[in-house]
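Chemist: All chains, full assembly: derive it from the sequences and hints.
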Amino acid sequence: MHMKLANLVGERFKERPSDCLIDSHALMVRGGYIKNVANGIYSSFTPLKRIVKKIEQIIREEMDNIDGQEVSFPVVLPASLWEESDRYDNVGDELLRFYDRNNGKYVLGMTHEEAAVHLVREYAQSYLKYPFMIYQIQTKFRDEARSRGGLIRVREFTMKDAYSFHSSQADLEDYYNKCHKAYERIFERVGLPQVVSVASDSGMMGGNLSHEFMLLSPVGEDSVVICKSCNYRANMDAAENIVNNTKDEMSNPLTLVHTPNINTIDDVCSFFNTTPDKTCKAVVYQKESDNKPVVLFIRGDYEVNEAKLKNILGCDIYPAEINNEHGLVAGFIGAYKLNTDCEVLFDRSLENTNNLICGANKVDYHYTGFDIGRDTGNVDYIDASKVTANGTCPNCKNNTLEISRGIEVGNIFQLGTRYTEAMNMTYLDEDGKRKYPVMGCYGIGVGRLAAAVCEARHDDYGPIWPMSVAPWQVHLCAVRVDDHKIKELADNIYNQLVKKGLEVIYDDRSVSAGVMFSDADLLGVPLRVIISPRNLKENCCEIVSRDKKISLKVKLDECIDQINDLVFTEFAE
RNA sequence: CGGGAUGUGGCGCAGUUUGGUAGCGCGUCUCGUUCGGGACGAGAAGGGCGCAGGUUCAAAUCCUGUCAUCCCGACCA
Numbered sequence: 000m001h002m003k004l005a006n007l008v009g010e011r012f013k014e015r016p017s018d019c020l021i022d023s024h025a026l027m028v029r030g031g032y033i034k035n036v037a038n039g040i041y042s043s044f045t046p047l048k049r050i051v052k053k054i055e056q057i058i059r060e061e062m063d064n065i066d067g068q069e070v071s072f073p074v075v076l077p078a079s080l081w082e083e084s085d086r087y088d089n090v091g092d093e094l095l096r097f098y099d100r101n102n103g104k105y106v107l108g109m110t111h112e113e114a115a116v117h118l119v120r121e122y123a124q125s126y127l128k129y130p131f132m133i134y135q136i137q138t139k140f141r142d143e144a145r146s147r148g149g150l151i152r153v154r155e156f157t158m159k160d161a162y163s164f165h166s167s168q169a170d171l172e173d174y175y176n177k178c179h180k181a182y183e184r185i186f187e188r189v190g191l192p193q194v195v196s197v198a199s200d201s202g203m204m205g206g207n208l209s210h211e212f213m214l215l216s217p218v219g220e221d222s223v224v225i226c227k228s229c230n231y232r233a234n235m236d237a238a239e240n241i242v243n244n245t246k247d248e249m250s251n252p253l254t255l256v257h258t259p260n261i262n263t264i265d266d267v268c269s270f271f272n273t274t275p276d277k278t279c280k281a282v283v284y285q286k287e288s289d290n291k292p293v294v295l296f297i298r299g300d301y302e303v304n305e306a307k308l309k310n311i312l313g314c315d316i317y318p319a320e321i322n323n324e325h326g327l328v329a330g331f332i333g334a335y336k337l338n339t340d341c342e343v344l345f346d347r348s349l350e351n352t353n354n355l356i357c358g359a360n361k362v363d364y365h366y367t368g369f370d371i372g373r374d375t376g377n378v379d380y381i382d383a384s385k386v387t388a389n390g391t392c393p394n395c396k397n398n399t400l401e402i403s404r405g406i407e408v409g410n411i412f413q414l415g416t417r418y419t420e421a422m423n424m425t426y427l428d429e430d431g432k433r434k435y436p437v438m439g440c441y442g443i444g445v446g447r448l449a450a451a452v453c454e455a456r457h458d459d460y461g462p463i464w465p466m467s468v469a470p471w472q473v474h475l476c477a478v479r480v481d482d483h484k485i486k487e488l489a490d491n492i493y494n495q496l497v498k499k500g501l502e503v504i505y506d507d508r509s510v511s512a513g514v515m516f517s518d519a520d521l522l523g524v525p526l527r528v529i530i531s532p533r534n535l536k537e538n539c540c541e542i543v544s545r546d547k548k549i550s551l552k553v554k555l556d557e558c559i560d561q562i563n564d565l566v567f568t569e570f571a572e
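In terms of numbering that gives the first Met the number 0, the first sequence opens at residue 0 and continues consecutively.
To be clear, the hints were calculated from the coordinates, so they are not data collected in a lab.
Each residue gets a CB set at the ideal place from its N, CA and C atoms; glycine is no exception.
No false leads were mixed into what you were given.
FRET-style restraints, in silico, Cβ to Cβ: (1) GLN495 with ASN207: 53 to 61 angstroms; (2) LYS246 with CYS395: 19 to 27 angstroms; (3) GLY313 with ASP265: 31 to 39 angstroms; (4) GLN495 with CYS395: 53 to 61 angstroms.
Modeler: What follows is the structure, given as structure tokens:
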């Protein structure tokens, strides 16, 4: 089998495609790794396919290492399975629903909890069968509202998803920790030791404890809260916001002020010549369940964390249109004497505040001197605001929180009995009683992980793949193949390297060195071997690493062993 | 689903304001000269301007509709 660059299907581009915003996307297009087929749907060329295979193999080894058994679920699932778990109607539009020729309802699998339960519920009827974990590496489809960033966020993608089943919560927790460690090994082996785990919001998966594995990167889509003083790390959606207010010594009396056309916090601040933290704003949402508005009061300088609010309300929410019903006066909603039949909530950012400016529930009027304790009586405060930079750490209480962006490359969930109960999967326990097994689930986006490696490890000229996932181990360049001696020698070295069992891409095109090296940069193979007249004169070949850290001249009769050594020692990460 | 932008040979773009029947760079093919970081010369192929209507003697340019892509937001195991 000859793997010559001249025959490699796919073209490489000199120029950056205009619609590629992030580097990994641009380099994967420029390097002939991917081609867009439709919105959020890509084909892969051979280089990416080889990378993905290696990543999958690493994942497989680590999953098998924690006693996982590889299985395969269908991509197309009957709606009835999703109705059993009550998700058919509860998951949003990202679940692609369709009908077959007999008008049967089906969905494209976006996650496989139902299929996993379906596969094992007859088998695992005795406590003696537990625990066990099954996993697959397979295509998922999620009809995302907006795909972006090349392989970072797509609609069709390959994912490793694992499902564990336990006869106790304690056993689940034990396994969860094992899986956490396995994930750390996976990310380290693919060349991303810097991936961190953060506490996360469980979202549509249900269940309790969950973690996300994040590659911190400015192009990431998630906000991650990290404490500089301790090891607290959480997704913004799950981060508790701690606000320590101190009251002014004197509470001024409530004073009605005429504020014509002043209906945003910015307007209020410039009108009163003050700052947003001295204001109380109202944010109105509508509940998905009954469409009723919910009013949340929050200090003017904080933002609503909709994920947390959603969890508190127990249903989906969306921004409300305020049409001056329910006693709500758009732009002038205030907590004092708000006469409404809506649910009213107070964020903890308002706890222990006074002398704030708030709306007066009357067009063109605000109050100053609002003292929440005095003017609204005793209210309960909820945690529904976003953490801010330099906020207080919920763990160590220092004001050392930082906010970064992160690419979520994997996650792990303690699901509990959410699915086994809904789908009536039970087993007989030691004590003779019928119980619901406890589940965990564990995902890694394979394509996204490849993109993340590229994002974290590249220069202006191309990706710098680690040996563990590189499409080839050695990139052999024959400069000046019109010289018969060069051609013969390079062919010979190629054959010897292949005979050694090395994965070699061989460039014997009759092109200028610049073209050859640029293409090699785009393919990002860790070791480059250069045969050229110049080297031949010294009876040498040149071995350089893609990251430029190694550059050697090696005698020809030693080069095969030397290359072999480098691949399996120096670069064996 | 809101807001913004863009669709012109394989890729990157100009031309649109002021309608006159499409151009540049890269790439591709042929020949020759070059040859260690995207060489040079000569020649050649390839698009009718996202799509559908309309206005006009004439539309890439104007109008209407529609589709697609990208960006911001909403949403998201």
